[in-house]
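*Asks:* Each chain, written out:
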Amino acid sequence: MEPQPHILVVDDDREIRDLLTRFLERQGMRVTPARDAREARRLWPLGRYHLVVLDLMLPGEPGLDFARWLRGPGSTDSTVPIIMLTAMAEETDRIVGLELGADDYMQKPFNPRELLARIRAVLRRAGEGGATPGGTKEPAPKAIRFAGWTLEPGRRRLLNPDGAEVPLTGGEYELLLVLVERPNRVLTRDMLMDLLRGRQAGPFDRAIDVAVSRLRRKLEDDGRNPSLIKTVRGGGYVLAASIERLPGSE
Amino acid sequence: MPASLRATLRRWLPGTLGGRTALLLLAGLMLVQGLGLTIHALDRVDLQREVQAREIMARAFGAWRAVVLAPPERRALLLLDAEPQPGLNFELSTVPAVRPGMPPPSAETMRLFHLDLMLASFARRRGPDLLLPPRIGRGRPAEKPGERAAEDRPYGPLRDGAGGRPGSEEPPGARPPLADPGPPPHLRPAEMRMAGLGHPGGFLASLRLADGPWLNLRVELPPPRPWHSPTFLIAFVLMTVAAAGLILWAVSRLTRPVRLLAAAAERLGRDVNAPPLPERGPSEVTIAARAFNLMAERIRRFVSDRTQMLAAIGHDLRTPITRLRLRAEFMDDDEQRRKMLADLDEMEAMVTATLAFGRDDAATEPAGPLDLAALCRTVLDEAADARPEAEPQDFAYEGPDRLTVRARPVALKRAVANLVNNALAYAGDVRIRLAPARPDGRGRGTVVRLAIEDSGPGVPEEELEGVFQPFRRLEGSRNRETGGTGLGLPIARNILRAHGGDVVLRNRAEGGLRAEVTLPA
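Chains U and D, in that order, are what the protein sequence lines are.
If you count by our numbering, then the first sequence holds residues 2 to 251, one letter each, in order.
If you count by our numbering, then the second sequence holds residues 178 to 698, one letter each, in order.
All clues given are correct.
Computed list of lysine to any residue pairs in SDA-like fashion (alpha-carbon distance at most 20 Å, straight line):
hint : chain 1 : residue 1 : chain 2 : residue 2
1    : D       : K590      : U       : T93
2    : D       : K590      : U       : N161
3    : D       : K590      : U       : G171
4    : D       : K590      : U       : I96
What follows is a set of in silico ranges between Cβ atoms, one per label pair, in the way DEER data are often shown:
hint : chain 1 : residue 1 : chain 2 : residue 2 : range
5    : U       : V187      : D       : R483      : 53 to 59 Å
6    : D       : N684      : U       : V187      : 48 to 54 Å
7    : D       : G622      : U       : D66       : 43 to 49 Å
8    : D       : P497      : U       : P46       : 32 to 38 Å
9    : U       : E40       : D       : R683      : 57 to 63 Å
10   : U       : E245      : D       : D679      : 39 to 45 Å
11   : D       : H492      : U       : P46       : 30 to 36 Å
12   : D       : G688      : U       : K231      : 41 to 47 Å
13   : D       : P543      : U       : G149      : 19 to 25 Å
By construction, these hints were calculated from the structure, which means they are not laboratory data.
Just so it is clear, the structure is predicted and the values come from calculations on it, not from any experiment.
Ideal Cβ positions, reconstructed from N, Cα and C, are used throughout, including at glycine.
The following block holds chain D by itself, in its conformation from the complex:
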């Protein structure tokens, strides 16, 4: 398949499995419907042609009768006055339109217009010149051996007795005697010639009047137009619409489990303890749901194992750190004691951060209404309290006085505090901007936007995402000297994502870094 075609297909093909299935089913159904309706229409066309043929023949006979009965000078006028009939043309001429060498009417035409009957009835009368195809000739009732059609002389005029082969016998019982005695003798043409038009549904006939001129008939049925009828289109549209409705309903029902599975996977990504998928429905769906639930269970077990391990390590480390802190109090060297206590503080911070990262506190703490504005101020105040040497204007808050969100208070405070402390560690100043809830533009409810800005050196563009990886530190500016565990940003992001929000970093145009937090309102 050429690339351009593939690209076009991709553009026009529906993106969803349901859409594609529905499209395929609908296209197939339309094809089958079209075929079915066409077959039906063709059947009807056959019937219609029979009726048309009968009507044409009646008209043709009417015209002939009128011409025969009319005085010769009025014949032409009469024909002009005759009501036109589609598919039938006649003219009065001195020469026959059927000329020798023309093909005989096809069997199909003979059958359609019952020409054999006509020929046979005309042939009753002795003496008309008939131009007859051989097979038709054979079918005549054998009143007289002499009037038999000559098989070896198919297109020659048949006259009474002329060319007849007295010796040839009619097979007995080949044709029953005609019930129809045919037209009365005075209406029979003096001579009759017929020829086909090369396609079924049309023929030429030339009938000679007793006084010489010929009536030439040209019969041609209009070509069949099975799709032309208005009912065809209406039926097609109605059936298609009904089928489309059914198909869309069924397909959306059938693909619902796929959507449910996707939603469950999404939920599991946020919350390991999300409720399991219901295991019911068609067997494939049940199997998929069971496999998914099994996978979720294994992940849950893995996470809980890891959590327990981290908790155990953290717990076991607490005791030696406590002991060392107490021991430090008995050291005589003040300088050494101060340094040792600082080291112990750092160790404790790392243990606490690792535990917070591993334990995923956010998942266990209950969520409730929380004043986010007060939380931001509290974080700033605590940061300011911890840095008595900093200027008060380095801790700025812009936003409403009160903004209630639903969140886990301890976890969310830790997330905001991590971002604020990150700003303070690298820039020495921080500004929180809180914007009230507004639609997020993607139709997924309203979000609260929180920006934590600093005027520090920022982060290289290519590292803006990388710093969210655990224990990732930037070369140069972000080294051990500035403190931190390398877990602050990952913990913040974990917590915010568990709340259904997120955090990204951007370098500000005016210099410095901005952490953009979104939270569902």
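Same shape as in the complex, but just chain U:
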């Protein structure tokens, strides 16, 4: 991780922009605020940003269009992580944004500390993935199939083999996503905690095992003799399944 991450904050409310800038700067980050998409577009080539916090409700050009531009060929870094700020009513925007390759989202009014935690988690994952600035980022798949089950990252939902939606808690969803993104790879508890921390404050610090056992129950995987999420001796888990990725809409 770089010593001082550089964040581009795009929000039309001056107070929020200023407060957020001050808040993130106090956490040791470098922040460049932008009023709207036009200013952000102007600022984009002037710096090298590690992450963009983007309000989807912007005057003039919508935030989604800016995100699309960021991911497009006109951008100098189409892999830059994006965290979207959405209102509750903008569910479809959120889905489009996630399918477009946004890394996370937060609903307004958000909790600043949670935003900070997510910024750190996204930065950590970006570092882990070895994404290099200037490269291209593969858009998030529309759906991931494994052992008859379907996970839709854009809609954050899981469908059982009959096509019925199986509700998951936020923690279960994050854990499953981490597992299916790394199939047939042993993930230790420490790795899982590292990948998940910040996403879900709380239960994962002490209860990766609880989340795994809940997931197994929902995936109808026998807990005593699991075939899907296997326990690895020495303290780790592996998703034993072949994965089929269905391409996203863009």
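Chain D: place on chain U using the hints.
*Replies:* Okay, now just chain D, sitting in the frame of chain U:
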């Protein structure tokens, strides 16, 4: 109308408009039919009586002829042997049955049995004693002035010449000469008397044989029975059945728009965006449908105005809450900051709940297949995660591992979560029981039953419905300290009703509260 009669009517009267209309129409039609068939039957009865009368007269004449021609000692036997004829009785006697003082046969009887013809033909022969009503007497052909009936002596025996009034003239041309010359002379009675029986269709006649005894005839037509014929009943039943079929068909067709209107109103109650009623059919129906659609449109506009207003308020509140949250991060006093953030969390929860209640998310979210069992477990797990201090056994689930229903996932999860959080807020424990789909007993498909139970203090019986009203809180146990917005239960019920289900609260016998949820499978 006395109350008991009204109650009886209510019990027997069909409940539906269609049923009542059909009953009324059918009753009216049966009455008209009965009348029509009766008129027809009465006509036929007239004809039948004519035929019967003719037959009786032929028989009577036959009997007379037999008696006249037979030797005196065999007459009685002969009459006994005669074939019986309904309506005709005869006997041989030494005295006439017709006595002076009896009324003459009525005009109706005269006409029916053609007695005037008979009298006239008998009267041809000079000399028979005739007991004649005056008007009949006048009708005789005036062969001789002396044989005229005496009008001033109506019931006296008429003998040749006796009592005749030579001076009275027959009006010329009053009666044409008879074509029928009447029976041959040896068959004519020596004397004939007639009297009526006081009702049409019957008379007495006494005819004297040349050697003295009388043949008394008693003629009485059987009383008419127009409804007695089997065809009457068959015709009545057939016509009634045919008419009933037609009426039921027509009435059900005519009342269909009323049923459609009721169904549309029911649909509108559940879903403001239900499709409009088709505006066609008879003009009254079209007008009603148009009025209904107009009303639905106004309600829709009202709801959407309210929704937009709430969304605007919610949206506008989001920005200041976000700012305050950020500002709180710059406060030095940790205690104050913690409290301020807690207040902001509560404010946000209230805004979110109010928005959810006002926006009616359930109506816009698409419905799809959903594993209800997994949903229940997820709600319990999230509730447990939010309460790290609670014991795991406080969150129990009983039911199948998988149960697919068609629902709107986010909305239904919110409904179940509200009920679960309500239980946890007042009891500290919760148990979800999920029962698989089975018929609801009212013939409206299958329902899934979901019970959310707690072991808390319960709710006073009279408040079990009241707590579903927005912002309603119970005195005492349910106060602001326990948190909540007063919208959890109303939102849950709104969502479940929008799914075609419902939720009611019951106090459990063993203590605690049970929320009983039904959902169409």
